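Just so you know, the protein sequences line up as chains G and U, in that order. Numbering-wise, this note's numbering puts 220 at position 220 of the first sequence, and it's gapless, one number per residue. Numbering-wise, this note's numbering puts 280 at position 280 of the second sequence, and it's gapless, one number per residue.
Careful, some of the hints might be misleading.
So, partial list: chain G residues that the calculated Cβ filter (under 10 angstroms) puts toward chain U [to be verified]:
no., residue
1, K11
2, L14
3, N87
4, V91
5, L93
6, C232
No wet-lab data here; the hints were simulated from the structure. What you are looking at is a predicted structure, and each value in this text was computed from that prediction instead of being measured. For every residue, glycine included, the Cβ atom is placed at its ideal position computed from N, Cα and C.
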Amino acid sequence: MKTSFVTLFYKEVLRVQKVAFQTLLSPILTAVLYLLIFSHVLEQHVEVYPGVRYTAFLIPGLVMMSVLQNAFANSSSSLIQSKITGNLVFVLLAPISYWEFFAAYVLAAVVRGLVVGAGVYLAALYFAQPAMDHPLWALLFAILGSALLGSMGVVAGIWAEKFDQLASFQNFIIMPLTFLSGVFYSIHSLPAFWQDLSRFNPFFYMIDGFRYGFFGVSDISPWFSLAVVAACFAAMAGFTLALLRSGYKLRF
Amino acid sequence: MFPAVDVRQVSKRYGSLQALDGVDLRIEAGEFFGLLGPNGAGKTTLINLLSGLARADSGQLSILGRDVAAQYRDSRRLLGVVPQELVFDPFFTVRETLRLQSGYFGLRHNDAWIDELMHHLDLTDKADTNMRRLSGGMKRRVLVAQALVHKPPVIVLDEPTAGVDVELRQIMWRFIQRLNREGHTVLLTTHYLEEAEALCGRIAMLKRGRIVALDSTQNLLNSAAGCRVRMRLSGELPAVLAPHMIERVGEDYLLALSSYPALETMLMQLREAGLTVLEMSLQQPDLEEVFLRVVGKA
Ligand SMILES: Nc1ncnc2c1ncn2[C@@H]1O[C@H](COP(=O)(O)OP(=O)(O)O)[C@@H](O)[C@H]1O
Ligand SMILES: [Mg+2]
Chain G
1 MKTSFVTLFY KEVLRVQKVA FQTLLSPILT AVLYLLIFSH VLEQHVEVYP
51 GVRYTAFLIP GLVMMSVLQN AFANSSSSLI QSKITGNLVF VLLAPISYWE
101 FFAAYVLAAV VRGLVVGAGV YLAALYFAQP AMDHPLWALL FAILGSALLG
151 SMGVVAGIWA EKFDQLASFQ NFIIMPLTFL SGVFYSIHSL PAFWQDLSRF
201 NPFFYMIDGF RYGFFGVSDI SPWFSLAVVA ACFAAMAGFT LALLRSGYKL
251 RF
Chain U
1 MFPAVDVRQV SKRYGSLQAL DGVDLRIEAG EFFGLLGPNG AGKTTLINLL
51 SGLARADSGQ LSILGRDVAA QYRDSRRLLG VVPQELVFDP FFTVRETLRL
101 QSGYFGLRHN DAWIDELMHH LDLTDKADTN MRRLSGGMKR RVLVAQALVH
151 KPPVIVLDEP TAGVDVELRQ IMWRFIQRLN REGHTVLLTT HYLEEAEALC
201 GRIAMLKRGR IVALDSTQNL LNSAAGCRVR MRLSGELPAV LAPHMIERVG
251 EDYLLALSSY PALETMLMQL REAGLTVLEM SLQQPDLEEV FLRVVGKA
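Please construct the entire structure, taking both the sequences and the accompanying hints into account.
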């Protein structure tokens, strides 16, 4: 494999590891807090799938939410930090192609997403033990979803010039899309209008497909969700690569 | 043989600002070349175009025959750049920084050379110190080491001694001069004219994106209004020489001569006036004069 790609990927992973408290531990704690609060409030009142405790239903959604948010956070914050402190020049001066650059940042985002996701899952097992009918489906959606969000993070990190611009990206795009994707409920429990709207939200397909990996039940066929998520990733990757190739906001 | 650096008709705009305007420049392999110019002249922009940090609007740039756009992988491997800004990655130690930089350039096992670099730059005892904990001077040394991890034949230093103490400047120059002797081409931008004068074989002066002077350091110095003569005479300065006088320093006269042959004429005129020279010294022009003259008028 290309040494420059491997090194850039390794550097990104090393960065995560050096600040593991912020990048790994803190998001796991956040997810566990969500789990505690929502399951405490809703456990007695809601049964989304027959025979599945609400807490158990909630776990895959929370795991996937953590996977997606952390994948996005990883590439976007690493890039903006490197841009603001100026040390991105070390990468830009090197003979690294735009697709090696893309692959390294996205793969590191996938790794961070999966590690946080696994951490949230393991911590959540203490509260409830959801089934795991099709682990490979779950893994597939986790990988594709984090790659999609990692790629979005690359775009956001390149576009943003200040940390608060990145924060608005996160607060006005990523957060609403995750919350409106059925992390905490099945979209069948929504009014028709919101159900229809949810179908335009790619996050819905990621969460629904991921949940299928656990319960073998989903709102939408996992194959259809897979096609949607894969198509979104392909489009996003194409866009990101074109942006990197153009040198937008990187090579002036 | 390809020139180490070849810049042809390169222009670059930033909005309404013409940062570089039809620049032509060839630096031969093995040269120690100086790029001088006031702030905002376009020195860093030219370096950014060479390294691929920026893209030219028109014209071609190549490093040892490799086009910086079409063959960027080759051209970047041939080039080592010490950036003007004191940048560093706060997550890593000195050794990690140098290992990562080696990896970016495709070098997996580079520890022997990294150790040697750290030794020459007096960084060995800081090898495992986090970059954040280093002083500015130490960070600058790491930047130099980073630029050299892949042993580039062409080395570019963008004002490497700005704000650096005398001791470090000495260490750096000894090291860079050694690299130049070993065959590396060096392109240096600096504000310290004595530095360029002492180190560079050839110099280009840049002003508002244009090259306004380009010659060997010696020729540039020679072109600077001949020389200055300070002398004490047995009597008053004759009227014919009055136009040359700059000032009177105590009993001495300070005269500016346009060239060395003018010295002969002056001595003849003194003899004709029946005067003898009691004391005399010649003062060499320095690069600062050339610089002010060229950059001032162009
Ligand atoms: N990225 C940029 N965007 C806009 N203007 C720039 C940019 N980079 C440089 N400039 C402008 O181009 C001119 C040349 O700058 P620079 O090459 O840094 O000069 P020098 O290194 O000789 O001091 C300056 O006026 C500077 O403000
Ligand atoms: Mg500059």
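Comparing the hints with the structure gives:
no. : hint : result
1   : K11  : 5 angstroms, holds
2   : L14  : 7 angstroms, holds
3   : N87  : 4 angstroms, holds
4   : V91  : 6 angstroms, holds
5   : L93  : 5 angstroms, holds
6   : C232 : 31 angstroms, violated
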